[in-house]
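Protein chains in written order, with this note's numbering: chain Y, 56 to 1020; chain S, 40 to 164.
Any given hint could turn out to be false.
As the list claims (entries may be wrong) - As a list, the in silico SDA-like pairs of lysine to any residue whose alpha-carbon atoms are at most 25 Å apart: (1) Lys-775/Y with Asp-147/S; (2) Lys-739/Y with Glu-129/S; (3) Lys-101/S with Ala-774/Y; (4) Lys-101/S with Ala-782/Y; (5) Lys-58/S with Lys-767/Y; (6) Lys-803/Y with Val-154/S; (7) Lys-819/Y with Asp-112/S; (8) Lys-888/Y with Tyr-142/S; (9) Lys-775/Y with Ile-97/S; (10) Lys-876/Y with Asp-53/S; (11) Lys-803/Y with Ala-782/Y; (12) Lys-101/S with Leu-814/Y; (13) Lys-58/S with Gln-815/Y; (14) Lys-101/S with Leu-797/Y; (15) Lys-803/Y with Arg-159/S; (16) Lys-867/Y with Ile-148/S; (17) Lys-819/Y with Phe-55/S; (18) Lys-58/S with Ala-774/Y; (19) Lys-58/S with Leu-790/Y; (20) Lys-803/Y with Gln-815/Y; (21) Lys-140/S with Leu-781/Y; (22) Lys-819/Y with Lys-101/S; (23) Lys-888/Y with Asp-115/S; (24) Lys-819/Y with Val-154/S; (25) Lys-803/Y with Glu-67/S; (26) Lys-860/Y with Ile-148/S; (27) Lys-819/Y with Ile-148/S; (28) Lys-803/Y with Leu-153/S; (29) Lys-58/S with Leu-814/Y; (30) Lys-58/S with Ser-140/Y; (31) Lys-101/S with Lys-803/Y; (32) Lys-803/Y with Ile-97/S; (33) Lys-649/Y with Val-638/Y; (34) Lys-767/Y with Glu-129/S; (35) Lys-803/Y with Asp-53/S.
It is worth saying that the hints were derived from the structure and are not from the lab.
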Amino acid sequence: MNNKESKPVSQDLLREEDISPFIQPRFISIGWRFFAYFLSISIVPILVFGFSAIQKSDFILHNEIQNKFSSIASLKTSELKFWMSENRTHFKSILEGRNDLIVLVSTMMTERATENRDKVRLTFDVLLKHSNQFSEFFLIDPDSGKVVVSTNTLREGADESEDNYYKEGKNDFFPGSIHFSTYADENVLTMSMPIKNSDDELLGVFAGNVDLKTLYNFLSDSTGLGATGETYMVSRFYKAIPSVGLAAKTIDEGAEDASKIEIGIKEKTVYTEGVIRALNGERGVDIYKNYDDREVIGYYQNFPEFGLVFLVEQCTDEAFEPIERMTSTLAWVLFMVLAADAIIAYMIANSITRPLSQLTKNARKIRKGNYEDISDLSSNDEFGVLSDSLNQMAHSLILSLGETKNIINTMPSALFILDVNGRVTSANQSAYELSGFEEKELIGRVFMELIRCPNHSVEECKAFTLGEIDKGGIITDKQVQCYTNAHEYIPISLSGSVLKDKAGKSIGYIVIIQDLRKLKEYARERLQKITPMLHRISLGDFSGQLEAPASDDEFSELLVSLDLMASNLKELITENRMKANQVQKSKTKIEQEKAKAEAFLGSIGEGVIAIDLKGKVIMINEVAEKMFGKRLEDVVDKQFTEVYRFEDQKGNVIKENSFPVSEVIANKKQVYTITYFSSLPDSKLPLATTASPILFEDNILGVIGTFRDITKEMEVDRAKSEFVSLASHQLRTPLAGLNWLLQEVIRKGNLDDVQNEYLQDALKSNERMVHLVSDLLNVSRLETGIINVESADTDLYDMVNTLVKETSVVAKDKGQLIEFKKPSQDIHASLDKDLIGQVVTNLLSNAISYSEENTTIHVDLSKEADQIFIKVKDEGIGISKEEQEKLFTKFFRSRNASKYSTTGSGLGLYIIRKVLDVCDGKIEVESEPGKGTTFTVTLPLKGPVIKGEGDKKLIEQKLRSPDAS
Amino acid sequence: MPNETVKILIAEDDPFLSKIMGNRLREEGYEVDTAHDGDEAFEKIKADGYSLVMLDLIMPLKSGFEVLQALKDREDRTPVLVFTNLAQEEDRQEVLSLGAKGYYVKSDIAMDDLVITVRRFLESN
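Could you build the full structure based on these sequences and the hints that come with them?
Below you can see the structure in the form of structure tokens.
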């Protein structure tokens, strides 16, 4: 009881803290969406730009470094080259013009005079003083390879025979061999050349050690090459590898003391990529591993004139360090830009969604039931409008909630809201009244303390009430007792249900209790009134009026509804009975009609299928069931073309759109055709098919198709056709013989005039016989088989004009003229040119035959509305009124004609009429004996297309030669 | 004048027609051979080279249609003109589709026209 009022209560009495989390599980704020959106649209270009910038600067820097390195190396190289050339030129020029020295050496070498050696040494000393690039000059005995004289006397007697500068120097100027000198304990660069006398005899090898200080100085100069920069030379004699290397290498940067500079890698074999390339004559800058297996950027160049290669190298770690620095800087910048972007995106999103979030806050407040504390959002955009509506809504809610509260408070049943622990959190006015407790006494109390189940323990009682609610969610009308403030237990009815939040989580109970003492009194009183009434209704008596309800409780409502129901039922029953009677009557009538129609259709010997405009089968008769092997219930309401498979003569399945159905619907006209139904794979049932519209008050409702099995007819037809064809052949054969025999006799000549004339007559008679056979064959075809009619668009003037020209040749023999004027308009029609042509030819042929010589035949072509008229008018013998009626019958010949000409078969006009019947045309005649005849052929603009069995056509009529009269 | 090597086969079961056609064509200077049924005609065409075969359609043992079909199957290109009394359009179409070079209805063609037709045909070949 009172359930209808309890629903809104639950909403009202919910407190804010009872309802947990309001945020929907998948709630994502629009602000964050905007933020993500702005961020994502700006982040892509930034990233693309940033990465491309890094890549590009990397590339540029790389090039820059290589160029710089290359230019430093070039500078060094050119310095070296200059220094070397200086030395070389100088060394080469030392002995120039010193004949005195050569004489001295010559005598010394030949006479072995020791004093000469001192003189030579003296001269060498002098030379050395003037050449400060050199540290020593010495002379080697060409035979023994031993030093004979040297500015360094310690060196004299040393064996240099294994040295290249000695071997090479014997022959020619030798640019220099760098090697470690044991006696000087240092690296030396020795140049050598032969000394020869005026007779070109080899006196000795003159050699000089270059002072390498300068060389060391700039080899060790690492300006611009950083800490790992290194410059060194590798010598070679020929293109031989391995090479002996000499290098100047700084140990630590900024070392000024030359002694701290470690000179050279003593006789170290150097195979680096740069050396190999340089020895192969290449020159360039590249990255490769140096002799210490470290990756370097190196410059290499070959100096063949000095027998040296020169290399400048720097570790890539150092050389390309700026690139790394640059990349990391750029990455930092990129990161900063991204961070700034995120902040900007957040600010933009925030500025857009601030009003929205305000709105959301308001909405949440409303959801929590807080309607009063709604802040107004005074903005002039969509949000302002939204906010306004929200506030209004809240306002009206406040109003209606007030009402709801009233209702709850005034409802007669007691209502308690309990928390999950069963404590009372809220109650209505009736609850206070029923229990007799005040608000402060009731709120917070354990509800079960108030309830007692007679004969049960407290635990059992709890299980019986709240426990049941926990299990089933709802309980109704539990008869228990309630403790009141008056220290007594009153009988109550307890109903209750679980209170749930949005997420379906249990947050407490709603309990409604009613004082059963009052309720029982009410019930007894009311039931006494209702019982006799229910009794009456159950007996079908709806007449009795109920007493007017005395009170406003549920019982009175029940009574009123019951009364209303009773009277409604009464009306309904009466009405239904009447209707049922009517329906029964008309049903019987319809069924009778239907039975009649069905009996009628069933007794038709042909298969009948009716379909509606959508192509669905409405009904079929028994014959159709048997013919197509499908029962009515299997096909009704199904698509016609899906249920039945019809084929045309060539075995193609007839599709819906090509079946005559659509034509019938379009033209509301009957269509006749022959279709084939294959019941078995090999057998086809030929069916004469007529599709007719089902018309009702000029509206087309569907199409009815009748199908007649024409297997037998077709067999008979074929047999007949074959017979006629063969018969005409058999008749023609002797006629042809006779024809030729007569012609041959006439040709051979030697006949008198009478003989000749008789034979000519015999020929003509024979020819007539041939025509007769042709006509008979045509008649037979027209009457039995179905002639093919193939209508196609035809220019009628062209057609008639051609025929007129053809027949004019024959007419000319009789001195006749055929007059045909071109009509003013173009006349086109769809017709069978062959058939209509034959009709016109026959008419022309007749006109020629039955007219006097030197007369005119008029041919006229015209069009009126949707009809075409072809008139053939002659000035011939004419036909009498009585005979005109029989003119188009078989074998009829008018008396006039028979007298006039003997060749007619009496079939020509009959054939014409038959042909025009097939072509939807007609022929009329107007004639006056002695004056002439006019035949008028009327044709439709659109002739039919009829496909018959096989390719049946008429035999072309030969133009008859005019009678000699 | 026709060449002496020109040889014509008349395949015609009717003795009168065969005789009159043969006589006239011989008179015109052609060498003429005759066959009186379809089998004979087919065997003779196979064995001998004819400049022209004048073929009837309705014949015993093998019809003219069958002879034409047999020649077509053998890819024999001996020119054939059909002279028949089957006067229907469908017969004409069938005969031409079987490879005959012409179709004439005997009862409709005059002997003089027949001779002219044969001569023209031979000249054009």
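Broken hints, by number: Hint check: 5, 7, 10, 11, 12, 14, 18, 22, 23, 30, 31 and 32 fail, others pass.
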